[in-house]
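First to last, the sequence lines map onto chains X and F. Under the working numbering, think of the first position of the first sequence as 1, with each following residue one higher. Under the working numbering, think of the first position of the second sequence as 1, with each following residue one higher.
Think of the hints as simulated: they come from the structure by calculation, not from any bench. Among the hints, erroneous ones may be present.
Stated by the list, open to error - What follows is a list of derived Cβ distance ranges for each label pair:
1) SER71/X <-> GLY3/F: 29 to 39 Å
2) PHE8/F <-> THR10/X: 58 to 68 Å
3) ILE25/F <-> PHE82/X: 17 to 27 Å
4) GLU7/X <-> LEU32/F: 56 to 66 Å
To be verified - Some chain F residues flagged as far from chain X (calculated, every beta-carbon gap over 10 Å):
5) THR2
6) GLY3
7) TRP4
8) SER7
9) PHE8
10) TYR15
11) TRP18
12) GLY19
13) ILE23
14) SER24
15) MET34
16) LEU37
17) PHE38
18) LYS48
Built from N, CA and C at the ideal position, the CB exists for glycine as well.
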Amino acid sequence: MSTPTHEMWTARLRSSWQRNLPIEKLLPDDQPAYVASWIYVFGVATIAALGVIIASGIVLAFQGPAWYHTSDIGNFTNSIHFWSVQMFFAFMVIHLWGKFWMAAWRGNRVRTWITGAVAFVVSIATAFTGYLVQTNFDSQWISFEAKDGFNSVGVGAWFTVTNLGQMLLLHVAFLPLILGVLTLVHVLMVRRRGVVPPIDAVPANLEVRK
Amino acid sequence: MTGWLASFLNHPATYLKWGWFQISISNLIVILIMLALFAAAILIKFPKGRE
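Generate coordinates for the entire structure from the input sequences, incorporating the hints supplied.
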């Protein structure tokens, strides 16, 4: 005897998704009037910078250090990767300042706030492992300075910053995967609850801008 | 790379110190640009969209 459709986990997941995140919320073409402010631009600017980081990172991974240390186009791609990270962090921190001062965790958005905060911490770890896998004297210096710090707090045997293989895999595989998933969940939560209104918003501000 | 930018980037960082607090000029410039961007994002009017 087959299980009734409404008890299947796939059916429960489908109906939950349709109830919480219908396609109109997932891909909206209108936003409330208050979103027409430059301070709301920095979240998507962070995602754009992340896109450039991933694209340039894929090129660096395929071509390798012998290419990006010696050729002009390799140096250029390496710089694109570095400077897009600088812009990613600058935009992310301005986004954080904006969201902090508008108390963006209001309206049942606490999980959106938390995923953003965790994504920030994971981004720092990803950038740090990036500095360690440059395969130059700079990365050697940073890793030998950092190992003493990690050893002093007792995690050096587990997180070995002088182990290039471990740092490279963390930088190009594990941490980007975690960051990608966190970013996706963060954006889906923003779409589900909508962009947080200003603290002093009146009902007229909340109307969708056509 | 030539000029003042090259001489700024190709040397060890210059640090400003006030007691226990110290910061490189490079990091200070980045933080000041971020603060300016934040202020500009709040103060500058967003262009009108579709009406």
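Results of checking the hints against the structure:
1. SER71/X <-> GLY3/F: 29 to 39 Å: 24 Å, violated
2. PHE8/F <-> THR10/X: 58 to 68 Å: Holds, since PHE8/F and THR10/X (Cβ atoms, about 59 Å apart) stay within the stated range.
3. ILE25/F <-> PHE82/X: 17 to 27 Å: 19 Å, holds
4. GLU7/X <-> LEU32/F: 56 to 66 Å: With Cβ atoms ~59 Å apart, the hint holds.
5. THR2: It holds; THR2/F is separated from chain X by about 16 Å at its closest Cβ, greater than 10 Å.
6. GLY3: 18 Å, holds
7. TRP4: For TRP4/F, whose nearest Cβ neighbour in chain X is about 19 Å away, the distance exceeds 10 Å, so it holds.
8. SER7: 18 Å, holds
9. PHE8: 16 Å, holds
10. TYR15: 17 Å, holds
11. TRP18: The claim holds: TRP18/F sits with its nearest Cβ about 23 Å from chain X, beyond 10 Å.
12. GLY19: 23 Å, holds
13. ILE23: The assertion about ILE23/F holds, with a minimum of 16 Å to chain X.
14. SER24: 14 Å, holds
15. MET34: 5 Å, violated
16. LEU37: At about 6 Å from chain X, LEU37/F fails to clear the 10 Å cut-off, so the statement is violated.
17. PHE38: 5 Å, violated
18. LYS48: Its Cβ does come within 10 Å of chain X, the nearest being 8 Å, so this is violated.
Hint check: violations occur at hints 1, 15, 16, 17 and 18; the rest are consistent with the structure.
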